[in-house]
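Asker: Now for the letters of each chain:
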Amino acid sequence: MFDQTAFNFKQNISKALGDRQLRANLKSAMDGLKAKRLNVFADDEELQQLRTLCNAIKKRALSRLPQLLEQLEEKCAQNGIQVHWAETTDAACRIVLDIMKQHGASRLLKGKSMVSEEMHLNQYLQKKGIEAIETDLGEFIIQLDGEPPSHIIVPAVHKNKDQIAKTFHEKIPGAPYTEVVEELNSIARKNLRQKFFEGQIGLSGVNFAVAETGTLCLVENEGNGRMCTTVPPVHIAVMGIEKVVERMEEVPPLLRLLTGSATGQLITTYVNMITSPRKPGEKDGPKEVHLVLLDNGRSKILADAELRQTLYCIRCGTCLNHCPVYTRLGGHAYGFVYPGPIGEILTPQIEGLDAAGELATASTLCNACEEVCRVMIPIPRLIRRMRTESYAKDSSATVKGHGCKANYLESTAWTLWAKMNTSPWLNSLNSRMLGLLGGLLPKAGPLKAWTSVRSKPKFAAKSLHQRVKERGVNRE
Amino acid sequence: MSSAARDRIMSNIRAAAGDGSEVPATACLPIATYGPQEKIDRLKSLMEAVKAEIHVVSKKDWPTAVKSVLRQRKLKTLLYAPETALGPELEKAWQNDSEGLPELVVYEGEIESFKETLFQTDAAITTTVGAIAETGAVVLWPDSTEPRLMSLVPPVHIAVVESATIYNSFCEIIQTQSWPEKMPTNVILISGPSKTADIEMTLAFGVHGPKELIVFILE
Amino acid sequence: MQAKRQYPSKPDKVYFFGTCVIDLIYPDAGMAAIKLLEREGLEVIFPQDQSCCGQPAFNSGFPDEARKVAREQMRVFQRDYPIVVPSGSCAGMMRCHYPELFEGTELQAAAEKFGGRVFELTEFLTRVLQVKLEDFGAPVQVTWHSSCHALREMGVTEDSKSLLRQLKNVELVELQNEKECCGFGGTFSVKHPEISGSMVRDKIDDIQATGAPVVISGDCACLLHITGAAEKLRRPMKGRHIAEFIWERTHV
Chain A
0 MFDQTAFNFK QNISKALGDR QLRANLKSAM DGLKAKRLNV FADDEELQQL RTLCNAIKKR
60 ALSRLPQLLE QLEEKCAQNG IQVHWAETTD AACRIVLDIM KQHGASRLLK GKSMVSEEMH
120 LNQYLQKKGI EAIETDLGEF IIQLDGEPPS HIIVPAVHKN KDQIAKTFHE KIPGAPYTEV
180 VEELNSIARK NLRQKFFEGQ IGLSGVNFAV AETGTLCLVE NEGNGRMCTT VPPVHIAVMG
240 IEKVVERMEE VPPLLRLLTG SATGQLITTY VNMITSPRKP GEKDGPKEVH LVLLDNGRSK
300 ILADAELRQT LYCIRCGTCL NHCPVYTRLG GHAYGFVYPG PIGEILTPQI EGLDAAGELA
360 TASTLCNACE EVCRVMIPIP RLIRRMRTES YAKDSSATVK GHGCKANYLE STAWTLWAKM
420 NTSPWLNSLN SRMLGLLGGL LPKAGPLKAW TSVRSKPKFA AKSLHQRVKE RGVNRE
Chain B
0 MSSAARDRIM SNIRAAAGDG SEVPATACLP IATYGPQEKI DRLKSLMEAV KAEIHVVSKK
60 DWPTAVKSVL RQRKLKTLLY APETALGPEL EKAWQNDSEG LPELVVYEGE IESFKETLFQ
120 TDAAITTTVG AIAETGAVVL WPDSTEPRLM SLVPPVHIAV VESATIYNSF CEIIQTQSWP
180 EKMPTNVILI SGPSKTADIE MTLAFGVHGP KELIVFILE
Chain C
0 MQAKRQYPSK PDKVYFFGTC VIDLIYPDAG MAAIKLLERE GLEVIFPQDQ SCCGQPAFNS
60 GFPDEARKVA REQMRVFQRD YPIVVPSGSC AGMMRCHYPE LFEGTELQAA AEKFGGRVFE
120 LTEFLTRVLQ VKLEDFGAPV QVTWHSSCHA LREMGVTEDS KSLLRQLKNV ELVELQNEKE
180 CCGFGGTFSV KHPEISGSMV RDKIDDIQAT GAPVVISGDC ACLLHITGAA EKLRRPMKGR
240 HIAEFIWERT HV
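Protein chains in written order, with numbering that gives the first Met the number 0: chain A, 0 to 475; chain B, 0 to 218; chain C, 0 to 251.
Among the clues, some could well be false.
Keeping only pairs whose Cα atoms sit at most 30 Å apart, straight-line, the calculated BS3-like set for lysine-lysine is [to be verified]: (1) A:Lys165 <-> B:Lys75; (2) A:Lys457 <-> C:Lys160; (3) C:Lys190 <-> A:Lys404; (4) A:Lys455 <-> A:Lys392; (5) B:Lys114 <-> B:Lys210; (6) B:Lys50 <-> B:Lys114; (7) B:Lys210 <-> B:Lys75; (8) C:Lys190 <-> A:Lys468; (9) B:Lys66 <-> A:Lys170; (10) A:Lys392 <-> C:Lys190.
Selected chain C positions facing chain A (Cβ under 7 Å, derived; list incomplete) [as the list claims (entries may be wrong)]: (11) Leu23; (12) Met30; (13) Cys51; (14) Ile194; (15) Asp205; (16) Leu223; (17) Ala228.
Don't read these hints as lab results, they were simulated from the structure.
Beta carbons are placed, not taken as given, at the ideal position from N, Cα and C, and that holds for glycine.
Given only the sequences and the hints, what does the whole structure look like? Please build it.
Answerer: Put into structure tokens, the structure is as follows:
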């Protein structure tokens, strides 16, 4: 999937910008989702109330995270769900592997789970000779092509019908070539139905876990999630620790925002709420249910009062759909599991600013994401924080890898800039110089980058300061 | 279940989270209220918009209504739950006249032995514990008498809802039925047949879950 | 974000903050804005010690340097007069982010008060001065580009457009994707010139699709970037700051 050792953001950007089809697909998909979302949230006042409410729910849940996780674990244990704790993605993968080994299983059926992508679970299992089969249609498609997802909600948004038709025809035994969407869906249905039938172990993510009752809530449209969590005798659920909420009553508003935003619907086809494995007397459902709680840097994010807001994210994808940069680059360019605005603040905190801090530079801070974020995360503010911490070597900075970008050239440049802007005569000298000689500036450094896209700026012979002085506007 | 990892994670979180008492508990948003006819109409139109088939019938006529809907389709088997309220009425209706109807089938034994038959079954009919008017969904509480896979595996799912159990909102059904006190193994909200828009954002119905959802609202 | 703002009644004196881009590249726009304010009977005060709002350093990850410059502006614009700023971006920096810059320091209250005195030009003209404009210009079609900060931080886009709509010989043709960023983003324009270029190309297409011969904006930085890119693409485009445009058309 994502080969992180070779993350070359600049290269990815060039490639993505050069891909016209990607742009066309993304633009049409994002525009469509935006329109649907507007329909679902036609009442703006209601939407704002929901956002405020869900922001408060998440804020409270995170401020009580230890109690809620303890309560969740206790309830789950009472109900027969086995809870495992993983500090790192490696540890989480090992837990999944161990469960599979215990059951002598060689195949894992997967529902859609961003956390499992974060874990690089498929590659891990593959190395151990275990086949992980994606059952969500979008994930199924990209798995056949060996690609990572390019969007949190619609992983195959970058693909056209004809590309998918070709993939199915070449990689699914017996599949005819067809570009008719219904027929493509039927091919996937038939192929996966057999796998559901045979399924030994199913894996899913968790949208929300309710501490009050020990209930795992999952939403989906296709039915593959229910298949994975109900047919096989063993179900493993993987979840980031920030997904726990306090009460059952908090689920409806969160769901309303999630489904309304992610896919522009009032509700998904299915809302699946799991509280225990098969009880005595019951005829189906898994006999074993496991919940794997993943930290992977989240407890560190929690520790910072400002950065903690990153954990409010309900993975709805709205920020992606409104980001002018994401809709031009697509998800792959971001190199890590979470793309777009949320990726720019989450990934550097998980992977370190040294590995992924560059992501936070790819934003104009236009604020479109903050305007729409369903749980009111101040994303631009946190992007700025990533940038500041990239240069901050001292202990006031807390993000992993902070200070990695600190360099003499930039710090001197900004020191000089500050000097110039706090010294009226220096400032005046600068504007006079630019007015006289600005046209002669060589196209080097920032000017080179500027002129790669735009003509050279023409500096005025007389600055506004001078014009005002000459005219006699009151200077006080 | 204690472990070193758990202890480290919990100690990190305890250090990080702070007190947690300053953030006030949140209240549910005011619930929209619909009149009884409005509830039925809204449930019907929202679910029909996502290709569910909805029939509003009188309480005493429902088996007849189900039979006539089934006769429009060529179905060989219909899975039902004899120990539910629906069971005896279905059996009686089939006894009277089962011309052109699928054979009534029962979920024999646990899934391990029934799986093959289940995956060949054409349709299933289940009860519901209610429905939600605001978002357009029916609510199922599968149990030992009416197993979970009935509403998932067969390509046709028929659900029977009593109009008196249509609630205004998801929040309301949770509160009124006191869910937190008695969560069953599994609760499912279903709003229509399965669907996806993963291929070029084109909506297509009938993916892994049932291709058809037929709902009978009993007045 | 701009909550519902309370506007003061018309003052006698105002400060004028020119902004760097206007100071160095578009001084005519600054002069036009000053004249518009003076025409309404205000005494406009332009402290010569003013420089930059500090946004470039703030957004690039250098808040200490930004603070130095912000403190200087707070010193320079000390008295309790409204500060009128011909840029949604710079106004947003001073109003929304100075309090953030000084959060938890002894200057927090002062920064909040300072921010409360900052007004974007068109917001001030419409809400405080309630200007009435008479159009002496020839009929023309224009389109409007709103900077992201004017739109989302200051919330003044409708104020700006209402001024254009007052001009009876001006037909305002709106952009199809008015809310989408032009791709300037300060240092983003030189750190990621490719993405910036891709975004501005779409903005140029959008502008030219309106058929309007000129694009008006309240932010000269966006204009510099858009018109500069258009020139480089050999699709030259006329851009005007709204102050200049209005002054040209309404004074005899």
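Asker: Compare the structure with each hint and give your call.
Answerer: Tested hints:
1. A:Lys165 <-> B:Lys75: violated, 36 Å
2. A:Lys457 <-> C:Lys160: Answer holds: Lys457 of chain A to Lys160 of chain C is near 28 Å, not above 30 Å.
3. C:Lys190 <-> A:Lys404: holds, 14 Å
4. A:Lys455 <-> A:Lys392: violated, 35 Å
5. B:Lys114 <-> B:Lys210: holds, 19 Å
6. B:Lys50 <-> B:Lys114: holds, 28 Å
7. B:Lys210 <-> B:Lys75: holds, 16 Å
8. C:Lys190 <-> A:Lys468: violated, 35 Å
9. B:Lys66 <-> A:Lys170: Judged against 30 Å, a Cα distance of about 43 Å means the pair is violated.
10. A:Lys392 <-> C:Lys190: At roughly 22 Å apart (the allowed maximum being 30 Å), Lys190 of chain C and Lys392 of chain A satisfy the hint.
11. Leu23: holds, 6 Å
12. Met30: holds, 6 Å
13. Cys51: holds, 5 Å
14. Ile194: holds, 6 Å
15. Asp205: Nearest chain A Cβ about 12 Å off; hint violated.
16. Leu223: holds, 6 Å
17. Ala228: At about 5 Å, which falls below the 7 Å cut-off, the nearest Cβ of chain A leaves the hint on Ala228 of chain C intact, so it holds.
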